Amino acid sequence: MSLRIIVLAKQVPDTRNVGKDAMKSDGTVNRGALPAIFNPEDLQALEQALKIKDDMDDVEVILLTMGPPRAAEIIREALYRGADKGYLLTDRKFAGSDTLATSYTLAMAIKKLEPYHLIIAGRQAIDGDTAQVGPQIADKLGFPQVTYSENIESISNEHIEILRRLESGVELVKTTMPLLVTVHGSAAQCRPRNAKLLMKYKHAVTVSELQDQTEDYTEFIDTKPYLRIDEWGVNEIDVDEDMLGLSGSPTKVKKIESVVFSAKESVQLTDNDKDIDYLMKELIDSHVIG
Amino acid sequence: MNNIFVYCEIEEGEIADVSLELLTKGRKLANEMKCKLEAIAIGDNLAGIEKEIFSYGVDVLHLAEHPDLSPYSTIPHSTVVTNVFKEEKPDVALFGATSAGRDLAPRVASSLKCGLTADCTGLEFGDHTDNKTGKTYKNILYQIRPAFGGNIIATIINPETKPQMATVREGVMNREIFNNKHKGELKNIDANSILEKIDNPVQIIERHIEERKINIKNSHIIVSGGYGVGSKENFNLLFELAEILGADVGASRAAVDAGFVEHLRQVGQTGVTVRPKLYIACGISGAVQHTAGMKEAAKIISINSDANAPINQLADYSIHGNIEDIIPKMIKYYKKNIK
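Going down the list, the protein sequences come from chains A and B.
First residue of the first sequence: 1, per this note's numbering; consecutive thereafter.
First residue of the second sequence: 1, per this note's numbering; consecutive thereafter.
The following block holds chain B by itself, in its conformation from the complex:
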């Protein structure tokens, strides 16, 4: 079988976390299928980057370096990736669901006329028999993702087209170094000969990359609010509780869409995946869109005025009532008993 490819996204000379997470997943899938894990890295001045990439178990790294390849721009990057895929014919190709990955992957899928599944939360191999033709496909990629606002979980396949392409959000997969001594093969892509054939009218005039001010991915305690919190003002209660607990504030998509808090706080399929030791869900009903990003929390408390909210099924403790009554009581007890 052909190999598994991961697009390694490079921002300001650093490999994106999501790419390292995909390499970790890719290594496991490659072991299972007894095939090679290959990576593509595109940018400028990338000397030495192969060491980090190989440590994640990459067998072959395709490297394209050229001043026109940094920062990311659609046409040069998609042309390089499409060229490599046409030559190497990967079985599977994985991309981070970042603003660059989501700009690039669909363009590549369109020019190769192959299927692409966005924002997968699970990837595994399995068989498939087509009901109409009776044809059986062995070891194809099951691309699992919540759909329809997170109310259902769909398993998507693209049995007839290769590569089987998927994007995955940051934080969904674990990241683990495979072996610091793992040696892979470095293949340099002739970027010059590719770039001289294309015309890229898009010029980047200015770029401001901000340090992420809010990052709840690694928080130990998260106090998270949903649409049920009711208002931006009511979110202040959550911030108050978070502050005394040394926690961060998260939110559901509905709360972010309603403008209560910033998108960087969004937990779930289209936000961040978190694994804190305590997750306090306030006024969150528990659509899969949300629970996909927090169900692995060690302990979950749900505070909801609806005693039948689906999230209560996941909770270790569910408190029936209003956050305006309950959170001040929690703060009061904590202040009294912890010095």
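If we strip away everything but chain A, and leave its shape as in the complex, we get:
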């Protein structure tokens, strides 16, 4: 059977290892100081798709991402690991989207990629941690969803079996396609880049990236169509513009505060024996421990 899998991914600032320069003195986030990475659970979603491609004939894996032009970086990352093709959804009109507007935009782009069978995404992105976009896309496409997936156990024309990792245990479900799956952090890690694919795709570019290149380069890309990463904006997908970006987002940020701790009167100690003994004696005497 021929099977088309769309993997949804997001390029995110790496919020996990936030250094001291990550926040500016005015309390806003210094995005420049945070490296942009392939959202970890989305990379695990890609692995689930690539595993199916390993095991079956005639499987096509397409990566779809929405973001600024530089998000093309994660499409190349996916191509190096075995994806067949990538699409970048980018347009100023998409900016400021909350999860509802994001899911609408992605759902409309997915409709253009018919006929597809399976949509796989990470459970959540580390910059927002909402886990909302996957289920909202499933709702908009009128599909069932299987969230918190740890492994796609088996897949055939008729059925797909998936193991879910819940906070209180595991659940094995069986369902049909089309289907949207979100992948939990306990799933297998993604394979590394493949050296041959890296050579093949390292020149893959979007139209915007090609603008900065020489004519010779453009001619070279024209001889190798697989090196073109398609870029879609508002005009390429069939959307109601009122449902995009800020105007399509019911949630608004009213206020952002950087976190300032009200400093307690804190006792400063060192690691010498006297200090530690003093601390432990205080804790024991006040019955906090012991």
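Bear in mind the hints are in silico, worked out from the structure with no lab data behind them.
Treat the numbers as computed from the prediction; the structure is a model and nothing was measured.
Note that CB positions come from ideal geometry on N, CA and C, so glycine has one too.
Be a bit skeptical, because a hint or two may be false.
[What the hints assert, rightly or not] Distance ranges between label pairs, derived from CB positions: (1) A:Leu246 <-> B:Lys34: 31 to 41 angstroms; (2) A:Gln211 <-> B:Asp306: 23 to 33 angstroms; (3) B:Asn174 <-> A:Asp54: 44 to 54 angstroms.
[Stated by the list, open to error] Once the Cα atoms are required to be at most 27 angstroms apart in a straight line, the calculated DSS-like pairs of lysine-lysine come out as: (4) A:Lys255 <-> B:Lys197; (5) B:Lys329 <-> A:Lys252; (6) B:Lys299 <-> A:Lys111; (7) B:Lys336 <-> A:Lys274; (8) B:Lys197 <-> B:Lys36; (9) A:Lys281 <-> B:Lys113; (10) A:Lys255 <-> B:Lys162; (11) A:Lys274 <-> B:Lys34; (12) A:Lys53 <-> A:Lys196; (13) A:Lys254 <-> B:Lys113; (14) A:Lys255 <-> B:Lys113; (15) B:Lys113 <-> A:Lys111; (16) A:Lys255 <-> B:Lys295; (17) B:Lys132 <-> A:Lys274; (18) B:Lys197 <-> A:Lys274; (19) B:Lys162 <-> A:Lys254; (20) A:Lys174 <-> B:Lys197; (21) B:Lys138 <-> A:Lys254; (22) B:Lys34 <-> A:Lys252; (23) B:Lys299 <-> A:Lys281; (24) B:Lys213 <-> A:Lys254.
[Claimed, not checked] Covered stretches of chain A (in silico footprint by chain B; criterion: 3 or more residues with CB under 8 angstroms from a CB of chain B, positions within the stretch not fixed): (25) 76-89; (26) 95-102; (27) 171-179; (28) 200-212; (29) 240-254.
Let chain A serve as the given structure and place chain B on it in line with the hints.
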């Protein structure tokens, strides 16, 4: 004004703790707004469950019972909830941020085209004036949550769409019985007529619900480690100290992501909220993501090689140094002085 709704999650016949916490919060918000608190419970064989739900101050309980509604499955549950919301038009709808709640709430929000805020740590009512239109909204829900890996606190609102939906993690809100004699109204939902219209292709073949082996929510003392602990092996020091103190081991998200310990030990916005009498933070820098879950500890000790770690601002005692030196000294003193 319309009412406040709480989705009561039911697992193996029991109401989830987080739902009872949300009912407690919902009751307070309803009193403030002088509106009713309503709940939805969906499952099978739920006879008698209303008594417990009403004791949390619920005025109206919408109950759907059907064999196909247990265990939780996305399409049947989201269809029932969406139907109730379309009819009752709640002002506010709250869900636990559990694997079921986080599967359900976004699906409902999408079909009602309304806003949803995940993992809130605070909910309160307030006014809002839109800068562009000048329009003022009275008594809308401020949904407060750490964002951007916990480096900022954002107040989110959805002034134009109803219900105003939010999810909240277990342990973030307190749980308190309102009145054991409180009587509410029971409304049975006609589950049959809803279910016969939908097709649910997802079958649950097997389910293993494990008793939670690790539960640090109610621990009195927590020895918690961050990325600064450095390795899984170094965490053994924390376990050693915890054992002699009768404590549990917690961790920051960075330590869990690094694979040092299990996720069930994670303290913070995307983990557990704790209120122990003593919290010993080892090699934890103190991102809001983490402190949101532990700042109410009665006493906080920070052990950090960085004298300027933000967590030191919260600490009653901050020790500057390496855990490899300090923890063995603490253990030694304790063993010597406590029999």
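Point to revise | Hint numbers not upheld by this structure, sorted from lowest to highest | key: 2, 4, 5, 6, 8, 9, 11, 17, 18, 24, 25 and 28
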